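Residue numbers (the numbering used here), protein chains in the order written: chain A, 1 to 462; chain B, 1 to 462.
Think of the hints as simulated: they come from the structure by calculation, not from any bench.
It is possible that part of the hints are untrue.
It does not matter which identical chain is meant; a pair holds if it fits inside one copy or across any two.
[As the list claims (entries may be wrong)] Dumping the calculated DMTMM-like pairs for lysine to aspartate or glutamate here, alpha-carbon to alpha-carbon at most 25 Å: (1) Lys190 to Asp180; (2) Lys112 to Glu339; (3) Lys277 to Glu147; (4) Lys276 to Glu147; (5) Lys112 to Glu233; (6) Lys34 to Asp55; (7) Lys421 to Asp40; (8) Lys34 to Asp358; (9) Lys78 to Asp369.
Since the model is a prediction, treat every value here as computed from it, not as a measurement.
2 protein chains.
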Amino acid sequence: MKSIYLSELYQKEKDYLGKKIIINGWIRNHRKQKEFGFIDFSDGTAFKHVQIVYDNQLKEFDEIQKMRVGCSIKVTGKVVESPKAGQKFEIQATSIKLLGDCPEDYPIQPKKHSREFLREQAYLRPRTNLFQAVFRIRSVAAMAIHEYFQSNNYLYVHTPLITTADCEGSDQMFKVTTLDLNNLPIGEDKKVDMSKDLFGSTSYITGSGQLHGETFALAFNRIYTFGPTFRTENSNTKTHANEFWMIEPEMAFCDLEGLMDTEEEMLKYVVKYVLKKCPDEIEFCDKFVENGLKEKLEKLLKSKFTRITHKEVIDILKKAKVKWEFEPSYEDDIAKEHEKYITEHFNGPVFITDWPKDIKAWYMKVNDDNKTVAAVDLEVPGAGELMGGSQREDDYDILLKRAKELGVDPDSVDWYMNLRKFGGCVHSGFGMGFERLIMYLTGIENIRDVIPYSRTPGNCLY
Amino acid sequence: MKSIYLSELYQKEKDYLGKKIIINGWIRNHRKQKEFGFIDFSDGTAFKHVQIVYDNQLKEFDEIQKMRVGCSIKVTGKVVESPKAGQKFEIQATSIKLLGDCPEDYPIQPKKHSREFLREQAYLRPRTNLFQAVFRIRSVAAMAIHEYFQSNNYLYVHTPLITTADCEGSDQMFKVTTLDLNNLPIGEDKKVDMSKDLFGSTSYITGSGQLHGETFALAFNRIYTFGPTFRTENSNTKTHANEFWMIEPEMAFCDLEGLMDTEEEMLKYVVKYVLKKCPDEIEFCDKFVENGLKEKLEKLLKSKFTRITHKEVIDILKKAKVKWEFEPSYEDDIAKEHEKYITEHFNGPVFITDWPKDIKAWYMKVNDDNKTVAAVDLEVPGAGELMGGSQREDDYDILLKRAKELGVDPDSVDWYMNLRKFGGCVHSGFGMGFERLIMYLTGIENIRDVIPYSRTPGNCLY
Numbered sequence: 001m002k003s004i005y006l007s008e009l010y011q012k013e014k015d016y017l018g019k020k021i022i023i024n025g026w027i028r029n030h031r032k033q034k035e036f037g038f039i040d041f042s043d044g045t046a047f048k049h050v051q052i053v054y055d056n057q058l059k060e061f062d063e064i065q066k067m068r069v070g071c072s073i074k075v076t077g078k079v080v081e082s083p084k085a086g087q088k089f090e091i092q093a094t095s096i097k098l099l100g101d102c103p104e105d106y107p108i109q110p111k112k113h114s115r116e117f118l119r120e121q122a123y124l125r126p127r128t129n130l131f132q133a134v135f136r137i138r139s140v141a142a143m144a145i146h147e148y149f150q151s152n153n154y155l156y157v158h159t160p161l162i163t164t165a166d167c168e169g170s171d172q173m174f175k176v177t178t179l180d181l182n183n184l185p186i187g188e189d190k191k192v193d194m195s196k197d198l199f200g201s202t203s204y205i206t207g208s209g210q211l212h213g214e215t216f217a218l219a220f221n222r223i224y225t226f227g228p229t230f231r232t233e234n235s236n237t238k239t240h241a242n243e244f245w246m247i248e249p250e251m252a253f254c255d256l257e258g259l260m261d262t263e264e265e266m267l268k269y270v271v272k273y274v275l276k277k278c279p280d281e282i283e284f285c286d287k288f289v290e291n292g293l294k295e296k297l298e299k300l301l302k303s304k305f306t307r308i309t310h311k312e313v314i315d316i317l318k319k320a321k322v323k324w325e326f327e328p329s330y331e332d333d334i335a336k337e338h339e340k341y342i343t344e345h346f347n348g349p350v351f352i353t354d355w356p357k358d359i360k361a362w363y364m365k366v367n368d369d370n371k372t373v374a375a376v377d378l379e380v381p382g383a384g385e386l387m388g389g390s391q392r393e394d395d396y397d398i399l400l401k402r403a404k405e406l407g408v409d410p411d412s413v414d415w416y417m418n419l420r421k422f423g424g425c426v427h428s429g430f431g432m433g434f435e436r437l438i439m440y441l442t443g444i445e446n447i448r449d450v451i452p453y454s455r456t457p458g459n460c461l462y
Numbered sequence: 001m002k003s004i005y006l007s008e009l010y011q012k013e014k015d016y017l018g019k020k021i022i023i024n025g026w027i028r029n030h031r032k033q034k035e036f037g038f039i040d041f042s043d044g045t046a047f048k049h050v051q052i053v054y055d056n057q058l059k060e061f062d063e064i065q066k067m068r069v070g071c072s073i074k075v076t077g078k079v080v081e082s083p084k085a086g087q088k089f090e091i092q093a094t095s096i097k098l099l100g101d102c103p104e105d106y107p108i109q110p111k112k113h114s115r116e117f118l119r120e121q122a123y124l125r126p127r128t129n130l131f132q133a134v135f136r137i138r139s140v141a142a143m144a145i146h147e148y149f150q151s152n153n154y155l156y157v158h159t160p161l162i163t164t165a166d167c168e169g170s171d172q173m174f175k176v177t178t179l180d181l182n183n184l185p186i187g188e189d190k191k192v193d194m195s196k197d198l199f200g201s202t203s204y205i206t207g208s209g210q211l212h213g214e215t216f217a218l219a220f221n222r223i224y225t226f227g228p229t230f231r232t233e234n235s236n237t238k239t240h241a242n243e244f245w246m247i248e249p250e251m252a253f254c255d256l257e258g259l260m261d262t263e264e265e266m267l268k269y270v271v272k273y274v275l276k277k278c279p280d281e282i283e284f285c286d287k288f289v290e291n292g293l294k295e296k297l298e299k300l301l302k303s304k305f306t307r308i309t310h311k312e313v314i315d316i317l318k319k320a321k322v323k324w325e326f327e328p329s330y331e332d333d334i335a336k337e338h339e340k341y342i343t344e345h346f347n348g349p350v351f352i353t354d355w356p357k358d359i360k361a362w363y364m365k366v367n368d369d370n371k372t373v374a375a376v377d378l379e380v381p382g383a384g385e386l387m388g389g390s391q392r393e394d395d396y397d398i399l400l401k402r403a404k405e406l407g408v409d410p411d412s413v414d415w416y417m418n419l420r421k422f423g424g425c426v427h428s429g430f431g432m433g434f435e436r437l438i439m440y441l442t443g444i445e446n447i448r449d450v451i452p453y454s455r456t457p458g459n460c461l462y
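If we strip away everything but chain A, and leave its shape as in the complex, we get (with noise of 0.2 Å):
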């Protein structure tokens, strides 16, 4: 008889009900009592466990009542349905099966244990419930992601992560090397000879596929990216981590306006996605981790996005009769207080347009003011930024202009800059930090509890 998945067992309850069933899985609790015992079971496929229930007729009995939490066990039973309220089934065992022991002192006990603890035993915290929550969360999302760009035609392209390129800032960016370094080749200048390393020169594990998904826009018309990012930031906060993933389409063909279409239809389309496939998990996030994401969620599908500039955005703030830690200003970025008061102010999710040239990228298109470039950022009530895009510099003549004035070195990126030479258009794109996502969909606050293993100034344990 083949085992089957507690996953299995859920979606298709009626079909097993009354049938006999093999199962492997862990033992999140047990509850002994002198002539039967409940065991709270878990074989990770579904976030619900299920009741097992023995007694003293089974003659491994005694064996069974010293299995303790944590405990890998091979259950045979029948699928019965259960009296207790809650739960529409447990599992009336046959045998239980020890597979792999558990000591007493095993850190992950049914109890509730602080996030802070749970960093620490990053390798075990996946066997809470909060956890099992997260990262089911998590692959769901990504699922959604890549289903809706597919199902749109969009092609998926790996972007290099490691690069030569210093368009973004090297200061910015981790060096990759292999050479030793209490041991470095010096060249004539008394310099370290970067040409002795494996590609010859310097490289960098990047911070965007950015310019290289525009290559590939140009191709493909509508690509996206989806994969690990790096920032060197030596920033201790709760938002911000060293390695994260990040999701960048690009589309040909596409203005400011077709950039926002894409993005509200994207970020409901997986909104959707996840409120369908993980029920139980928003229900138990919704309970303990924010209150109100369920609504929060399911609010943000039936709103419509307003779409507001740079410019009216602060006179809002201006008008606003609350006193400032920061003082608006139009040529400057908004600070957190402020995406916290418009967000409020339209109650939903707002696009923020045409922002100040001077404190945004090289490559972004400058409007006919020239003072403003076509950019945007997504601000979502409770998370602040989600996206941030813009439509791309198409014109050769400004786009070199901006990098010079960006301190970019346009030799470094003359195949950038030649997308513009060979039949150019009119093209947009946008980044969205996925841990920002999963902390939006799941009420997180931070970072590190919605990344598998994270990687933060001094800690990269694991």
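Fit chain B to the given chain A structure using the hints.
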């Protein structure tokens, strides 16, 4: 009127026939005659191009005739049945507007370019038929992998890329650092003081997510990774790259037989999916890259994969009337010539199991004979080794002994070791190099031609 994509036109040919449309894209070829002209047009969303027909009734006729290969254009016209053999419809233009010009010396002309030349034009080669086929198959195959695992309820895990664990041999890993190589902090021991680096210690970008993957398999039962991987190998062959993508599934309560079942089922799923979604791309590769490709793939779907031990393979090789370059040995790995012979001998894919333990990794399950490990390589006709996997050692004491034997510091991976203490179980996993799969699916022989921007020793362009 909203513009449409070529992919929509091909999906709903009948709906569009006789209708007026607007479409944006690029000129791939342009044949001019005195009173009319034909544009071979692609917008990148479909492998097939479409023919645009125009004549001198259009007021911009003279300007259109000047439009060169590579230009981006906006076409308004009517979809009509085509008199030309091999295409069902064409577009009779009522207007063609130039969006982005392209110079005479544009490198991608409508003629055969060598793959070596195209590697040097890596940012433009996605515009050629060959790379339109290859990268679309790559994108579709990636989706097939996600669909296979997600529909079977595997959790997608983003294992970390930056790591301080050097259990796989740090000499094969890239070091990552934020330190200034020309101004390194030196400690009292005269060595570089790595505590000054961002993570407070030497860190690497990883060559595998397996160890971290196992920690999640022992919580979620069945998981997979799909992400970039790095090796520092200074090897300039057709099959080596320093950056590539890997898929690494791990399954709890799964032995070597179960592992092989999954590998076979997954591979067939992906091949079937690609054949269905990319018929034009596969046909193109069959014609211009590998004759017989389609037949090879269809044959795989029908074949039952052979399962045979390493010892049996060596027996067969020794009996074969072949003069080997490398003599087959019961203690050794098998060579490329042996792989080829064996898949031809069995006329299909072959799982080779139970390898001599001395040539395999420390975490593989030692068999009862204490000479071999429960490892398996999948050999595929025409591609050689496509996947490698094993049952993982689940006995703490044996694992500890093996780690020490093979020079792995158990303390550096105590968390991994501990999985055997805290409810361990029989579990197995495998790794598949994604590029090797794409080479198999397209017939492409050089790994540089299946990666958007390949990184090989001395080569990190773009």
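Going through the hints against the structure:
1. For a Cα distance limit of 25 Å, the shortest separation of Lys190 from Asp180 qualifies both inside one copy, at 17 Å, and across copies, at 14 Å.
2. Neither within a single protomer nor between protomers do Lys112 and Glu339 lie at most 25 Å apart by alpha-carbon distance, with minima of 34 Å and 54 Å respectively.
3. In this assembly of identical chains, the alpha carbons of Lys277 and Glu147 lie at most 25 Å apart whether taken from the same copy (13 Å) or from different copies (14 Å).
4. In the homo-oligomer, the alpha carbons of Lys276 and Glu147 lie at most 25 Å apart both inside one protomer (14 Å) and across protomers (17 Å), since each shortest distance falls under that limit.
5. Proximity of Lys112 and Glu233 under a CA criterion of 25 Å is satisfied in neither setting, with 33 Å inside one chain copy and 47 Å between copies.
6. Only within a single protomer do Lys34 and Asp55 lie at most 25 Å apart by alpha-carbon distance; the minimum there is 9 Å, versus 93 Å between protomers.
7. Taking identical chains as interchangeable, the C-alpha atoms of Lys421 and Asp40 lie at most 25 Å apart only when they sit on different chains, with a minimum of 20 Å there against 65 Å within one chain.
8. Taking the shortest alpha-carbon separations for Lys34 and Asp358, neither the intra-copy value of 75 Å nor the inter-copy value of 51 Å comes in at or below 25 Å.
9. Taking the closest pair of Cα atoms, Lys78 and Asp369 never come within 25 Å of each other, the shortest separation being 73 Å inside a single copy and 38 Å across copies.
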